[in-house]
Amino acid sequence: MVKKKTSIPESALAQHADLVDQIEAARTDYYDQTPETGVTRLSDAEYDALFVQLQLLEAAYPDLVTPDSPTQTVGGSGETANTEGFPPHHHLCQMGSIDDVFSYAEVDAWWARVEKSLEGQDFSVSAEVKVDGLAMSLTYLHGTLAVGATRGDGFTGEDVTENVKTIATVPVRLSGENVPELVEIRGEVYLPLADFAAMNAARERDGEKLFANPRNAATGSLKQKDPVQAAKRPLAFLAHGVGKVRWADPGAAAHLETQEDFYELLESWGLHSVRETPASLGLSLAGIHSLAEIHTVLDQMTAHRHDFAHQIDGVVLKVDSFAQRDALGSTARAPRWACAYKFPPEEVHTRLLGIEVQVGRTGRVTPFGVMERVLVDGSYVSRATLHNAKEVARKDVRPGDTVVLRKAGDIIPEILGPVMSLRTAGLPEWVMPDTCPSCGTELGAQKEGDIDLRCPNQSGCPAQITERLIHVGSRNALDIEGLGEEGALALTQPEFGRGDVAAALAAGGHCELEDGTIVAVPSGEPRSLEAIEDLLPPPQSPVLTSEAGLFALQPEDLRDVMVWREIPGTGGRDWQQVRFFWAKPRPLPKAAQEATGQRFGPPVAGKVVQTFFEQLQAAKSKELWRVLVALSIRHLGPVAARTIARQFVTMSALRVASAEQLGEAEGIGEVIAASIRDWFTVPWHQEIVDAWEAAGVGAVSKAEGASEASLAGDTNLAPTLEGLTVVITGNIPGYTRESAQLAVEARGGKATGSVSKKTDLVVAGAGAGSKLSKAQALGIPVIESAGFEALLEKGISGA
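For the sequence shown, our numbering assigns the number 1361 to the initial residue and increments by one for each residue that follows.
In short, the hints are calculated from the structure, not lab data.
Glycine included, C-beta positions come from ideal geometry on N, C-alpha and C.
Misleading hints may appear alongside valid ones.
[What the hints assert, rightly or not] With a straight-line cut-off of 16 Å between C-alpha atoms, the simulated EDC-like cross-links for lysine to aspartate or glutamate are:
id, residue 1, residue 2
1, 1750, 1812
2, 1982, 2053
3, 1702, 1466
4, 2110, 2120
5, 1944, 1916
6, 1944, 1875
7, 1750, 1686
8, 1967, 1841
9, 1702, 1468
10, 2118, 2026
11, 1585, 1482
12, 1967, 1916
13, 1944, 1874
14, 1982, 1812
15, 2131, 2149
16, 2154, 2082
17, 1525, 1586
18, 1604, 1522
19, 2118, 2082
20, 1807, 1370
21, 1755, 1789
22, 2131, 2053
23, 1702, 1459
24, 1585, 1522
25, 1750, 1732
26, 1750, 1716
27, 2110, 2026
28, 1944, 1920
[Said to hold, decoys possible] Label-pair restraints from in silico Cβ distances:
id, residue 1, residue 2, range
29, 2146, 1797, 58 to 68 Å
30, 1873, 1791, 52 to 62 Å
31, 2133, 1795, 54 to 64 Å
32, 1422, 2056, 13 to 23 Å
33, 1369, 1630, 40 to 50 Å
34, 1613, 1779, 56 to 66 Å
35, 1974, 2054, 16 to 26 Å
36, 1464, 2130, 26 to 36 Å
37, 1612, 1667, 46 to 56 Å
Go ahead and model the full structure; you've got the sequences and the hints to work with.
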């Protein structure tokens, strides 16, 4: 069957793809790539604006909504990637997100939707501080902490249990009564502001890079490989929710009717909760019954936003009653019974030193401002995106201006515009370059009318290759330790930063080479930057000029890869050239030096090289869906890639599939199908797949899933649903839509998203709509959500 084509304008398709690219790149920065002392490319305000644009576009063209759209998923794949190597942990119940609102009018609209859905029932709301920390799930088995895991993509995070056990406010064993057999406690790990300030002061004294903000410092602290080092960081934890719960006594939860009941129980177990924070300032935020009361609370919290012991960036509003929450249900990514009000942004002034451009994974060239470092709401910032040349012109910002920065709780602020009264007369306008800063190719619009400029040299542009390689190593793709931003740069652009070194030498700094040679420009001897670069060692050729060669690398290929690095504590004045992968050669004993005439021995392929190649080998056996994500196929994210991998099983089958065949896969529409088909027709794409297949990458799709049993070590699930086609609709308590489908598949069943004559069974929860009606019309058996666990355990006979 050929699906009916929908009419989506090319301009809408291009705008959608660009918005998705920007949002996913920002999510990767925020959750996956940003080191504890680093920065991200978008502010909260910029990210939120892009997200709203995407929502409006998908509302206008519903066929653009795919399972992998940012509007349908939770951001992040592994929180950060700078401390890779922690084992994955599959959450028993999805760690979802909460929809953001930015004005009282939007809060009012949320309240009205709740009122309408509850059909006139009385209800109350609680307000909680929105802690700007690291989302964490604590799983307790029989009262003992079994797993501490980051949120990741909401389904799978990182197991950081040993580091979590060093947090003083996380009990290793729950105290009190009514402790469940199993419970997932959700909350935030954070760094108190006073401790953050003390840590940064100490780092500044020691000449180390400063932490960007408390959240990054908390993330980096929790991702320390050595728990002893993690224990030195004064982390804390506040609980705000619960995931999966299994009670020893089913009647133990009968008294849990509201959010306050839940917090009282948590605190009786020895856990601290977010309700304690406003209470410390004398603010009572529970039992709110009207919009007027909500507005008063939001006014109070905004006024006190800097008075808390930790950073907050807003207020979370939640319906109190658990029964009413069940009735309200959730969307694919967030509950309908809650919203997060984001504080209005704050503004500061700083000097714009210059405007530079960067090239993204798809060739999009984006200008960004480089500013004098300034402290904004607890974060030191020095960069901010400017989106495109038209935006620079609209804001009329010029290098040398004093600019107004607005911050909304993120790391990098938005440049609002210049302070015109402080502008130097004759300051020239900035002009967008007409060639790619990475490869020199002439820039152009992808199609007529586009605002953004792109580098069309997709196959050969070093910057695009670097970005794609970073994506290959990311958590949602092949998850390769050592293939983050720095590793990808070393492989593809080892001379990245050479110009900065030359500029530092011109300003009186020096550069130390590996053999101890000091390169400097003699005082009073002016030289051009090109002439200064000639004082440095000859430029290196990159090890990789395409991701096709990644799995053909050998340890010896990495032996002489050098990179340029700032010497800590010099503020970029002094630099050094160091080996990135292999260990630095050690000085030979004096006798050996005299005998060989050499000061140093050979470099050593140490632990870094060993780990990198172990990771490459492990990546070869990763599931086919991960390989598909790694290939950077437009519109194809993890959810759709899983569907495609289940349908086609092998890369060989997928490569010859037509767009019509691709479109027949459950949940794969015309846009995704056409994108996959088009991608495989490009010769240099085929070269990548050929090279990876020759190396044994992604030969066969593998099933994956997680269950409560797997946490306790029992992974031998009975095939109770073997041969059955099951449709999940409505809200299934304790499960997200995807985790319920995975549970069905883990027991041998086939989970589909639409009801047809081939459907054997429908599981219907609260909020089930047209799918339930269709099942009833076709005479298909329907099981209520309360019987889902029994269905999984015993099959249809037990439900």
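How the hints compare with the structure:
no.	hint	in the structure
1	1750 x 1812	holds (9 Å)
2	1982 x 2053	holds (12 Å)
3	1702 x 1466	holds (11 Å)
4	2110 x 2120	holds (10 Å)
5	1944 x 1916	holds (14 Å)
6	1944 x 1875	holds (9 Å)
7	1750 x 1686	violated (47 Å)
8	1967 x 1841	holds (12 Å)
9	1702 x 1468	holds (14 Å)
10	2118 x 2026	holds (13 Å)
11	1585 x 1482	violated (50 Å)
12	1967 x 1916	holds (14 Å)
13	1944 x 1874	holds (8 Å)
14	1982 x 1812	violated (35 Å)
15	2131 x 2149	violated (21 Å)
16	2154 x 2082	holds (11 Å)
17	1525 x 1586	holds (12 Å)
18	1604 x 1522	violated (22 Å)
19	2118 x 2082	holds (15 Å)
20	1807 x 1370	holds (10 Å)
21	1755 x 1789	holds (11 Å)
22	2131 x 2053	violated (41 Å)
23	1702 x 1459	holds (10 Å)
24	1585 x 1522	holds (9 Å)
25	1750 x 1732	violated (24 Å)
26	1750 x 1716	holds (15 Å)
27	2110 x 2026	holds (11 Å)
28	1944 x 1920	holds (10 Å)
29	2146 x 1797: 58 to 68 Å	holds (60 Å)
30	1873 x 1791: 52 to 62 Å	violated (36 Å)
31	2133 x 1795: 54 to 64 Å	holds (59 Å)
32	1422 x 2056: 13 to 23 Å	violated (41 Å)
33	1369 x 1630: 40 to 50 Å	violated (57 Å)
34	1613 x 1779: 56 to 66 Å	holds (58 Å)
35	1974 x 2054: 16 to 26 Å	holds (20 Å)
36	1464 x 2130: 26 to 36 Å	holds (35 Å)
37	1612 x 1667: 46 to 56 Å	violated (38 Å)
The structure is inconsistent with the numbered hints 7, 11, 14, 15, 18, 22, 25, 30, 32, 33, 37, although it conforms to all the rest.
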